[in-house]
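Undergrad: Spelled out from the first residue to the last, the chains are:
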Amino acid sequence: MDKTKDERAWFLVLPVLVLVAFSAILPLMTVVNYAFNDTFGNNDFFWVGFEWFEEVLTSERMHEALWRQLLFSGLILAIEIPLGIGVALTLPKRGLKASLCLVLLALPLLIPWNVVGTIWQVFSRIDIGLLGSGLRALGIDFNIGQNPLDAWIVLIVMDVWHWTSLVTLLAYAGLQSIPEAYYQAGRIDQASRWAVFRHIELPKMKGVLLIAVLLRFMDSFMIYTEPFVVTGGGPGSATSFLSIDLVKMAVGQFDLGPAAAFSLMYFLVILLVSWVFYTVMTSLDKAGKEPSE
Amino acid sequence: MTAAALNLAAPAARRPSRDTARTRSLIAGTLLIAYLLFLLIPIYWLVNMSLKPNSEIMSSVNLIPEHPTLANYARIFGDPTWYMGYVHSLIYVVLNTAISLAVALPAAYAFSRYSFTGDKHLFFWLLTNRMAPPAVFALPFFQLYSSVGLFDTHIAVALAHCLFNVPLAVWILEGFMRGVPKEIDETAYIDGYSFPRFFLGIFLPLIGSGVGVAAFFCFMFSWVDLLISRTLTSVNVKTIGVAMTRTSSATGLDYGTLAAAGVLTIIPGALVIWFVRNYIAKGFALGRV
Chain P
1 MDKTKDERAW
11 FLVLPVLVLV
21 AFSAILPLMT
31 VVNYAFNDTF
41 GNNDFFWVGF
51 EWFEEVLTSE
61 RMHEALWRQL
71 LFSGLILAIE
81 IPLGIGVALT
91 LPKRGLKASL
101 CLVLLALPLL
111 IPWNVVGTIW
121 QVFSRIDIGL
131 LGSGLRALGI
141 DFNIGQNPLD
151 AWIVLIVMDV
161 WHWTSLVTLL
171 AYAGLQSIPE
181 AYYQAGRIDQ
191 ASRWAVFRHI
201 ELPKMKGVLL
211 IAVLLRFMDS
221 FMIYTEPFVV
231 TGGGPGSATS
241 FLSIDLVKMA
251 VGQFDLGPAA
261 AFSLMYFLVI
271 LLVSWVFYTV
281 MTSLDKAGKE
291 PSE
Chain X
1 MTAAALNLAA
11 PAARRPSRDT
21 ARTRSLIAGT
31 LLIAYLLFLL
41 IPIYWLVNMS
51 LKPNSEIMSS
61 VNLIPEHPTL
71 ANYARIFGDP
81 TWYMGYVHSL
91 IYVVLNTAIS
101 LAVALPAAYA
111 FSRYSFTGDK
121 HLFFWLLTNR
131 MAPPAVFALP
141 FFQLYSSVGL
151 FDTHIAVALA
161 HCLFNVPLAV
171 WILEGFMRGV
181 PKEIDETAYI
191 DGYSFPRFFL
201 GIFLPLIGSG
211 VGVAAFFCFM
221 FSWVDLLISR
231 TLTSVNVKTI
241 GVAMTRTSSA
251 TGLDYGTLAA
261 AGVLTIIPGA
271 LVIWFVRNYI
281 AKGFALGRV
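Chains as they are written, first to last, in the UniProt record's numbering: chain P, 1 to 293; chain X, 1 to 289.
Looking at chain P on its own, in the form it has when it is part of the complex:
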């Protein structure tokens, strides 16, 4: 759509600007302040430059948390994206059954995150949980409090349970927008099911799948509440992802300087990734629009 050039549009954007600036820029400045200063309490600050940044960047603990986080996000994407597409392809196209499936699918998305954590914490307990006691009954030595691998498996299954529906709903929306003519063309060419998927459905879902990857990457990269409730970052620090480590540092140990430096770098990484995605997405938008208009 051609947009009219009109600077008065700023007035329409102003409320958002004021509101978000109040809740984003002010707190962010506090973080910046902590990141470059040290304090002995009483609000006496003195400048320490990049000392906190160096400390965080060279700390073994940070590196480990970062690798854990990357591994977790990578696994989440590798499982949830294909699974979500697969489920979307099997969904009924319309009618009451479709509505019912959509509602059931969306259910995990609307459960408060601490309750999601509680559900899985209880579910995988070896004394009172169905999963934990069931695996025990099968003779598997399952214990999320002691075996790091078990804790990881539970967290990943939990995240798949919680968020695959998001990918499914997005893919489903993409599938719904494919005109019937495309399928007819496929049938005339006697295309196989795989060919239809590869050459008709997948290209048409590209845009929404990009949103799915973006959202899933961001949210899994910032995950806090669910692992906090299920494992508390343990056993040891096997499941201490970046956010958990950050809150431990800032609130638990009150190491504000390193925590703030860490926050800023954390934020910058996310900023960088969203910028890449945003650029790809807007250029895709343009590429998709131009031939048809």
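Everything labelled a hint here was simulated from the structure, so no lab data went into it. Among these hints, one or two may not hold up.
Stated by the list, open to error - Cβ pair distances, simulated, as ranges: (1) L26(P) / S59(X): 35 to 43 Å; (2) A21(X) / R8(P): 51 to 59 Å; (3) L204(X) / K206(P): 43 to 51 Å; (4) L202(P) / T20(X): 15 to 23 Å; (5) L17(P) / A21(X): 50 to 58 Å.
Think of the CB as a built atom: it goes at the ideal place given N, C-alpha and C, for glycine as much as any other residue.
Since the structure of chain P is already known, use the hints to place chain X on it.
TA: Then chain X, alone, in the frame of chain P:
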């Protein structure tokens, strides 16, 4: 995309060979049911636990409660610290949804209709706030809202959640507004409509489903958050998430009440989903399909 066209798609796709197509759809149906079961079993386990007395929860693992009881629910509805938790949570969620929509609507209109200096940068900056890790903001939020005297109020949580919800609402609404042809605006202005009258009287009804979807997302993200609401409240506004974490750590073993509280938090979400079920897929695609 019309419903009739969709209807044609399913049977016609099966033409090559009826038998393989039938087995294929049978397999697909079975897999789908298996997946839905996977989604429902953990929830069922919570419901199951909420209907058992604590002694039974701790002593045995069974799929159906032997001594079903509503005592856990009675405890929640009989204790103000529990049921007020829901009230507090609902208050800030509704406040947040109202504020988010009120500021996001004009902004989304501006982004979808006009180009102005810095519009792309501004849009991207808004987007990055949706991507900001809540853990980064927890402590600064606490200091900011304490210093302006809003700590432990509903409005503090509602405003803090705006950081994540306003960008999302703008994004969704902009997607829906882009689908409305610009000729409608132009015709209305030629007919002598003022901007507010046009916006409220003509434009808003046209994107009604978009507003519903945006409201749904604001509701959802505000409702599911624990970290921010726990950081910004203490005594007067004790949210349900906080009530759950504190009770479970204080008594340690009251799993029945915890499960009942969990089940009750699922209900508002389920109700809201039912109302927006026809738009939910489009909404998750941020209006971009």
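Undergrad: The structure should be examined with respect to each hint, and the outcome stated for every one.
TA: Here is how each hint holds up against the structure:
1. Taken as a hint, the range 35 to 43 Å is violated for the pair L26(P) and S59(X), whose Cβ atoms sit roughly 53 Å apart.
2. One distance hint, 51 to 59 Å for the beta-carbon pair A21(X) and R8(P), holds here, with the actual separation near 58 Å.
3. Between L204(X) and K206(P) the CB atoms are about 32 Å apart, so this pair departs from the stated range of 43 to 51 Å.
4. Checked against the given bound of 15 to 23 Å, the beta carbons of L202(P) and T20(X), roughly 22 Å apart, stay inside it.
5. At roughly 55 Å, the beta-carbon separation of L17(P) and A21(X) lies within the given 50 to 58 Å, and the hint holds.
In terms of the numbered hints stated before, the structure departs from hints 1 and 3, listed from lowest to highest.
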